[in-house]
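Chemist: Note that the protein sequences, when read in sequence, are chains D and B.
Per UniProt numbering, the first sequence starts with residue 1, numbered consecutively.
Per UniProt numbering, the second sequence starts with residue 1, numbered consecutively.
Pairs of lysine-lysine residues, derived as DSSO-like cross-links and limited to a Cα-Cα distance of at most 30 Å, are as follows: (1) D:Lys38 x B:Lys70; (2) B:Lys369 x B:Lys423; (3) D:Lys67 x D:Lys39; (4) B:Lys312 x B:Lys236; (5) D:Lys57 x B:Lys32; (6) D:Lys38 x B:Lys65; (7) B:Lys70 x D:Lys76; (8) D:Lys39 x B:Lys70; (9) B:Lys65 x D:Lys67; (10) B:Lys32 x D:Lys12; (11) D:Lys76 x B:Lys65; (12) D:Lys67 x B:Lys32; (13) D:Lys76 x B:Lys32.
I should point out that these hints are in silico values taken from the structure, not numbers from a laboratory.
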Amino acid sequence: MIAENTQTQMRKGILEYCILSIISKGEIYASDIIGELKKAELLVVEGTLYPLLTRLKNNGLLSYSWKESTSGPPRKYYQITSEGTEVLQKLDITWKELVYAVETSLFGRK
Amino acid sequence: MNKTIIININSIVFHIEEDAYETLRGYMIDIKRHFSQSADSGEILLDIENRIAEMFSERIQTGRKEVINKDDVSEVIAQMGRVSDFEEASEEEEKGQQSFHQQEPSGEEDHKSFPTGKKLMRDPEDTTIGGVCSGLGHYFGVQPKWMRAFFILFVLIGGSGVLLYIVLWAVMPVASTRTDRMAMRGEAPNLQNFKKSFEEEMEGIRENLSGANAHFSRGLRTVGTGFGEIFKFIGKALAACMLVVTGSVVFGLFFFCVACTLAIMGYQEEIKFPPLEILQPGQAFFALLAGTLAVALPFIALFYIFLRILFKIKPLNNYLSLGMWATWIVSIIVVIFYCVIGAQDFREDSIIKVDRTLKTQSVYSFSEKDVRVIEASSSADGKTKYDIQVDGESLHNLLRSDIEIRFESLDSLEKPFIQYHYKAKGKSYQLAAERASKINYQAEQVDNKVIFNSHFALGADDVYRDQRVNVVVYLPVGAKVEIMESLQNKIREIAYDNCYDNYTDESKTKQTEWIMTKSGLTCAIPEKLDEEENEEKDATQSE
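Construct the complete structure from the given sequences, taking the supplied hints into account.
Modeler: Have a look at this one:
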């Protein structure tokens with residue numbers, strides 16, 4: 001139970017960072033983000049993604065534009081804003097610190 | 001072969017199989033509930049709906065597969081994720097909205113938890129009388145029918161429930177708008193909830209059509225488990241008891257009505273219901289019918305409510321329930337009408353005075369003769385008194401005992417006499433006087449004995465109109481009087497018991513002796529107060 005909790009916390013923490021990173025690579029559609037996450041073996045259902053994207057967008061880190069689709073309704077394509085890029089850079093630094101911290105802590109462990 | 005439903009997701013039309021639709025609808029309701037408290041719910045839901053529409057579109061192939069089936073829906077849901085999947089991910093980010101989370105993990109517990117932001121209002125969409133019970137049900141998170149059972153219980157225990165209901169009815173406002181209704185259920189009046197409320201209304205309509213089964217499952221869902229089940233069981237047992245009680249009352253009233261009808265028609269005289277005796281037979285029948293309906297209809301309604309609670313029967317159709325209301329109101333009016341009619345016949349009263357002389361005697365002995373019985377000196381079974389029966393009915397039913405006797409003084413030289421005041425009431429003075437004149441009651445004098453009958457009879461066709469007889473016995477001052485014990489209940493203005501107490505234990509007889517003085521009849525035996533004191537003294541000395 002405790003292990004599960006911690007795992008959830010860890011995954012959640014990096015999920016936003018990953019999403020922001022994926023979007024920073026260029027305009028992208030929500031379900032494609034899922035695809036990218038799957039490739040990264042970070043398993044998330046789509047339903048989780050929408051609240052997250054909406055929140056990031058409302059915080060000004062993301063923006064979106066409507067694009068016509070050949071199948072079904074028009075799609076929302078997300079892209080990162082300059083503010084989002086700034087936050088991402090900060091997160092990059094934090095991430096590197098974290099990686100260092102974790103690796104240092106783990107060093108020498110069997 | 002499958003029935004398909006046409007749905008519209010964000011202006012795109014899909015054909016969907018019925019069972020697939022059920023699954024999808026359930027899923028969407030879950031999702032809406034889940035996101036209903038977050039500020040961006042509208043946008044999130046729109047995104048989700050859009051995505052579902054897109055996934056459906058991908059699955060449709062014109063000419064080959066044009067209908068969304070259950071598998072498609074399951075796959076889409078799997079991809080989108082269940083509400084339980086979101087929770088794991090969103091737990092952290094919604095820490096600020098913890099309260100919401102505790103309340104609504106699966107959309108059920110909120111019904112059980114005590115209300116915080118709910119408003120106490122009457123629910124016009126779920127009424128039996130005024131929607132008070134359903135409103136209370138919403139407020140306390142209990143199904144309305146249990147509140148109803150509770151109220152009915154209180155009505156039956158001393159009727160306090162009626163008053164409580166009326167007070168609550170007056171105090172609680174009606175939830176007439178959708179915003180009110182949402183406040184009543186404790187939902188925040190945001191757009192999402194509006195949508196939900198509307199959808200639930202539609203759902204309600206649909207479920208009503210699809211019948212009892214769907215209703216039952218919804219009931220199960222809202223009541224929840226555990227405590228709810230126990231509560232439900234107790235409620236059911238209670239409802240069953242009440243069903244039996246109300247059923248018996250209706251049953252009993254029916255037989256009462258039949259018996260009284262027979263009595264009015266003269267077939268059977270065993271059962272008497274005093275108010276009906278006041279009325280003429282023709283009126284009495286209608287009064288009885290109206291009275292019985294006025295009492296029985298509410299019980300019939302209660303009986304039906306309990307039947308509904310227990311067996312999930314459909315509500316009465318409007319015409320029938322309206323008809324019942326109308327009948328009830330009419331019967332109440334008829335009862336009031338006959339009350340007035342009956343009371344009118346008591347409006348005027350008349351007194352007829354008749355004087356009869358008494359033969360002068362040295363001692364007057366007043367006694368009573370019980371006209372209801374024949375006294376037999378002895379008989380085989382040891383009975384000394386027999387009831388007199390007239391046409392198979394005990395005589396005393398035809399008799400009235402409203403007789404009062406007073407004693408007044410006359411000058412010692414005047415001749416004694418008895419004055420009779422015959423009283424009766426009627427609609428008019430003439431009627432009252434006529435009735436009064438029909439009273440046939442006089443004392444009989446045999447030597448020094450003056451015998452009063454215990455009762456007087458009403459005429460065979462006469463109805464009871466407060467007929468009574470006041471007797472005033474005028475005796476000259478100095479006359480000696482004996483009053484038999486049997487007469488004491490009819491005597492007014494003198495204290496028979498006090499005089500009786502003046503006798504010593506040995507000398508106590510079935511009569512008391514009196515002497516007429518200027519101020520009225522006084523006890524011939526002096527008070528024995530002193531004796532008693534002496535006795536007490538003796539007692540203390542001997543100790």
